[in-house]
Every structure is written in C-alpha cells, then in structure tokens.
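Required output: the full structure, derived from the provided sequences and hints.
Those protein sequences? They're chains A and B, same order as listed. Be aware that the first sequence starts at 1, since it is given in my numbering, and climbs by one per residue. Be aware that the second sequence starts at 1, since it is given in my numbering, and climbs by one per residue.
No lab work stands behind these hints: they were computed from the structure. Check the hints yourself; a few may be wrong.
Okay, derived cross-link-like pairs now, DSS-like style, lysine-lysine, Cα gap no bigger than 27 Å in a straight line [claimed, not checked]:
(1) B:Lys42 to A:Lys164
(2) A:Lys164 to B:Lys12
(3) A:Lys114 to B:Lys12
(4) B:Lys16 to A:Lys114
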Amino acid sequence: MSPAPDTLDDKTIVARVIDGESELFALLVKRHQKAVFGLGLSFFKNTEDSGDFVQDVFLKAYRNLPSFLGKSKFSTWLYRIAYNTAVNAVKRRREYQSLAEDAEIPDFDDPQQKAEREASREAIRDAIDELPERYRVCLDFYFFYDLSYPEIEVVTGFPVNTIKSHVFRAKAMLREKLRDEAEWELP
Amino acid sequence: MGAAMTCEHAGKSIAKRTGDGRLPMFVRLHIQRCPACLVEAKRMEDAIRTMRRDFLPRSPDFSAIVMSAIRLTPGLETTPVSFRNWLFVGIMLLAATGLSPLGAAFEWVKSTFGTGFLVPLNIVLGLMLAGYCALFIGTHLDEFSERLNLKHD
Numbered sequence: 001m002s003p004a005p006d007t008l009d010d011k012t013i014v015a016r017v018i019d020g021e022s023e024l025f026a027l028l029v030k031r032h033q034k035a036v037f038g039l040g041l042s043f044f045k046n047t048e049d050s051g052d053f054v055q056d057v058f059l060k061a062y063r064n065l066p067s068f069l070g071k072s073k074f075s076t077w078l079y080r081i082a083y084n085t086a087v088n089a090v091k092r093r094r095e096y097q098s099l100a101e102d103a104e105i106p107d108f109d110d111p112q113q114k115a116e117r118e119a120s121r122e123a124i125r126d127a128i129d130e131l132p133e134r135y136r137v138c139l140d141f142y143f144f145y146d147l148s149y150p151e152i153e154v155v156t157g158f159p160v161n162t163i164k165s166h167v168f169r170a171k172a173m174l175r176e177k178l179r180d181e182a183e184w185e186l187p
Numbered sequence: 001m002g003a004a005m006t007c008e009h010a011g012k013s014i015a016k017r018t019g020d021g022r023l024p025m026f027v028r029l030h031i032q033r034c035p036a037c038l039v040e041a042k043r044m045e046d047a048i049r050t051m052r053r054d055f056l057p058r059s060p061d062f063s064a065i066v067m068s069a070i071r072l073t074p075g076l077e078t079t080p081v082s083f084r085n086w087l088f089v090g091i092m093l094l095a096a097t098g099l100s101p102l103g104a105a106f107e108w109v110k111s112t113f114g115t116g117f118l119v120p121l122n123i124v125l126g127l128m129l130a131g132y133c134a135l136f137i138g139t140h141l142d143e144f145s146e147r148l149n150l151k152h153d
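Put into structure tokens, the structure is as follows:
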C-alpha cells in the first residue's frame, strides 16, 4: 500500500511528477505558496502582482523540474527561482521591503507573548534598517523563511561570510531587544 | 566582572549559533549554572522559532489556478543543459577558434598547401559559432525575452 500523497516528502513528489503524475505538483504549490507569496509581497508590495508572481514562479518550477537534481532542498531550489524572477522583474534589488516592515502580529491571549513578538519584529526591523539595501533579503530568508546560511548563499548568490555577519549583527540586536523587554517586565 | 564577561561570551555564542547547531562545551556548562543565560538562550530560541512560524503573510490558495495553467503547458523541459555547461562550450569554441592559427599543425598545413585553405576553414569555424549561438538563443528564449522586455501580456 503506497503512502498518502500528503505524507510524501518534496523530493519524492518531484520524482513522481517527472514520472508523469503531474497532479501531485499541487501538493508542492500548497506547501510552498505561502513563502513564495511572501517574497512576492516584499518585492511587488501588492497582492495582485504577488499573485501573478506566485503563478509565474510555480510554472517555471514545473517546467524546469527535471533540472532539480535533489542536491539541495526543493524549497531552496524553488526560492532561487523565485528570487531571480523577482529581481529580474523589479530590476533593482533596493526595492525590496522586508516582511518585518508590516508583518501582522497575531493576537495572543498572553500579552507577554505579543510583546515578545513585537520586540522581535522591532529588532529585525532595526537590524534591517542598518543594512545596505541589497542585503536586507538575507535577514528575511534567515529569520522568516528558515533558510540556513549556505541555503541563503545558493538563493541569493551573496558570499556566506557576508550573510553570516549580517545575521549575527541582527541576532545581537534581537538579544539586546529581548533583554530590554525582559528588564521592563520586572516588577 | 569575570562572571559578567562569561555571560557576555555566552550571549555572543548563543547569537552565533546556527540552526540546531550545538553550543560550545564551555557555553553549555555556563548556561547550566547561570539561570539568567538559560532564560536568555530560551528567549532567543523562542523568538526565532515564532518568527519562522508566524511572520509569513497569509496566502490565498493558488494550487487550482497553477494546476490549470500547467495542464495547458506543453510539458516538462527535459534534459536541460546547465548554463555553466553552455558557457564552458562557448569558451572552448572561442578559444579553439582563436588559438588554432598558433598551433604547429596549422603551420604545417599552411606551409604545405598555402593560405588557400583559410577561406573554407573560416567558413566552417563561422558556421560552428553561428550554430552554437543559434542553439543557445533557441534554448533560452524565455530568459532572453524576459531580460530584453520582449514579452507581451
């Protein structure tokens, strides 16, 4: 008995799509559309263009699936397509707007949780403000898209040491901000 | 002072940690003994975890629209040649064209048959280069039309 499609990992789905089960590609769209849409919003700043961007990226990914060799995660490969598509579309990387700028903070029953999220966002926003415009996307990829340093290097083409130093600086600012937040809460 | 320095070092190590990577032994020992650093490490971990979970915007479901577009596409692009391989072949072709007049074989042919063979040789090399360029452009039409703004909606 074969496992339910929902439980398949990305690489297995890719292999089966290449073998002809193209309808399984919908699972990859469902899994990764949120991240691609987020990237689209950062570059295009409106939902309509971001929607077109998502379709464009997934169509490109589908057509080029045979070139996915499985050496990296499917998400890394997909984000590279998305990043290159977006950069080519907007021409200038400086038009990028971080998710930290307008991320919605969900309502939490616990005010401390909400305060910590606000502090996190503020720290990342401050760190991003201090970065050269073209490197801002690195922090988003690290903090919001859960990419490792080598994965960010693959997606953006920036040297891994540059990415590391920017992320480290942002983490130091986050640490300070969270520490301030904790001190503020003390009676 | 010494303890403060250790806390500072521990804090820096926590900030430097990548993904699920383990902290250095001395930092782990320090954290076990220092409640403030333990709280700080946990707070950092929680903050980063929640950013990864909560901060991406909500997205509409594009799967139906993408799949209907896929059904209209001709199919997967099979056996693609990587851009690096294309570039490598192009450079080799250019290098061979440029360097061939410098070789001993070329000199021998020239001294034996005279310079009359240069015309057909250049025609052959020109055809090879033209063929390469035509294949390269033909297999990268999408990229070229996108970069040169030739796509019409």
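Do the hints match the structure? See the list:
1. B:Lys42 to A:Lys164: holds (21 Å)
2. A:Lys164 to B:Lys12: Cα-Cα ~13 Å, so holds.
3. A:Lys114 to B:Lys12: Holds. Lysine 114 of chain A to lysine 12 of chain B sits at ~25 Å (cutoff 27 Å).
4. B:Lys16 to A:Lys114: holds (25 Å)
Checked against the numbered hints above, the structure breaks none of them.
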